[in-house]
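Trainee: Starting from the known structure of chain A, arrange chain B on it as the hints suggest.
Just so you know, the protein sequences line up as chains A and B, in that order.
Every letter in the first sequence is one number past the one before it in the UniProt record's numbering, and letter 44, counting from 1, is 44.
Every letter in the second sequence is one number past the one before it in the UniProt record's numbering, and letter 140, counting from 1, is 140.
Treat the hints with care, since some could be wrong.
Chain B stretches covered by chain A per the calculated footprint, using a threshold of three residues with CB under 8 Å from any CB of chain A [as the list claims (entries may be wrong)]:
1. 43–56
2. 59–73
3. 79–90
4. 113–126
5. 177–186
It should be emphasised that the hints constitute simulated quantities derived from the structure, not laboratory data.
Computed from a prediction, not measured in an experiment: that's the story for all the values here.
Glycine included, C-beta positions come from ideal geometry on N, C-alpha and C.
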Amino acid sequence: MSTRDLVLAALFAAIIVALGMLPPIMLGFIPVPITAQSLGVMLAGVVLGARRGVTAVLLVLVLAAIGLPVLSGGRGGLAVFMAPTTGYLIGWVLGALVTGYVSQTMVSRDQSGLAQGASFFIAALLGGVVAVYGLGVTYLAFVTGMGFLKAFVGSLAFIPGDVLKALIAALAGRAVMVGYPLLPQRA
Amino acid sequence: MRTLYVEGGSVLHRLSARVKLIGLFLLSLLVFATHSPVLLGIVAVTCAAVYLSLNIGWRQSWLRIRVFSLTIVVVALFTLVLESPAAALETFFRLSAMMLAAAAVTATTTTGDFIDQITAAAWPLERIGLVKAADIGLGVGLVIRFVPEVVMRYQAIRDAHYARGLKMNVISTAVPLIILTLRNADEIAAAIDARSIRGQK
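Chain A with its partners taken away, still in its complex shape:
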C-alpha cells in the first residue's frame, strides 16, 4: 500500500469518526433514529474502492478497540466488540469491501451519469445493507441464541434507513467522482 493510499484511508476514517459525532436524525416515516456513521462506511467503499475503503473502516474499528469513543453515540472500548450488535461492526468491513469491489467493477468514467449513479446504488445496497445485515443478523442470532428469523425481524426497523443511506451514498459517490475522482478503475 502506497503512502498516499494509507493517508487517504486514514483521512476517510477521520470522516467516518466525524460523522459519528453528528446527532442522530429522526425521519418521519421510519421509527428509529438514523446515524450518519454507517453512511460513512458505504461512502468509503464508493469513493475509495475496496482496498482503501476496508483500510479506512478497519482503522475506525482499531480506534474503537483501543478505547477511543469514535463510534456514534460516543461508544468505544472493547465492550463494543463484546455486545450482541458486534456483528454489524464486523459487517462494516465486509460492507466496505463489497461496496468498493462492486463500485470498482461496475462504474467507469465514460458511463452516463444515470448508469454511474445506479451502479453506485447497487454497490452500496449490496455492501452497506446485504453484507452488513447478513453478518450482523447472523451474529445476533448466534450470540443470543434467538434464531436467525427472530433476529432478522428484530433488525427490520433499521433497514429502510439504510436503504435511504445507500441512495445518498450513490448520489454523493457520483458527485465526488465528478469533482475529485479517486476510485480505482479497470484498465
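Mentor: Structure of chain B alone, referenced to chain A:
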C-alpha cells in the same frame, strides 16, 4: 477526543495488556460454554464488582455502559417473550459479564499499550507481506490528528450554508466535506515520505 483509559493503580492496571486481552478472550469462550443462569450470574456479578472497583466514579461508570446496557435489556426482554425466563436470565448475565469485563479492560489499558499489542499481533501478517505492522500505529495517529480538522471543515460548510440562506442537506454537506478532506492526501503523503517515516523503498 478523550480516551476511555482511567489512571489508577489497581491489579488490572498493573497486568500486562496481553494478559488482559487473552483473559478477556478466554472469558468470552467460557461464558458461551456455560448455560447455567446461576453460574453466569456469579460471573456477571464478579465482573461488575471488578468494574466498579476501578474508581471510575458512579456517573462515568454508568455513562460508559449505558448504550450497551440498553441493547442487552432489549435482547433479554426479547428472549423472555419468545423463549423462557431462564433463557432470558442466561442471556442477560452472559452479555452483561462480557460487556463489564471488556469495559474494565478498556478503562485500565492505555492506547499506547493497545497499539503495541496490535502491532505485535500484526507481525505474522507482515512476515507474509500483507501489511506493514508499523503502518497501523501511523494510521491511527493520522486519524486522531485529522478528526478535529474534519469537524472544523464541517462547521465551515455549515456556516457557508447559513450565509447563503440554504438549509443543510446530506449531499451538499458530505460531498464538499469529502473532497476538501481527501484533497490534502497528496501533501500529507509527500510530507510522510519526505521524513522517511515508513522507510525508503
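Trainee: Which earlier hints can't be squared with this structure?
Mentor: Per hint list: single violation, 1.
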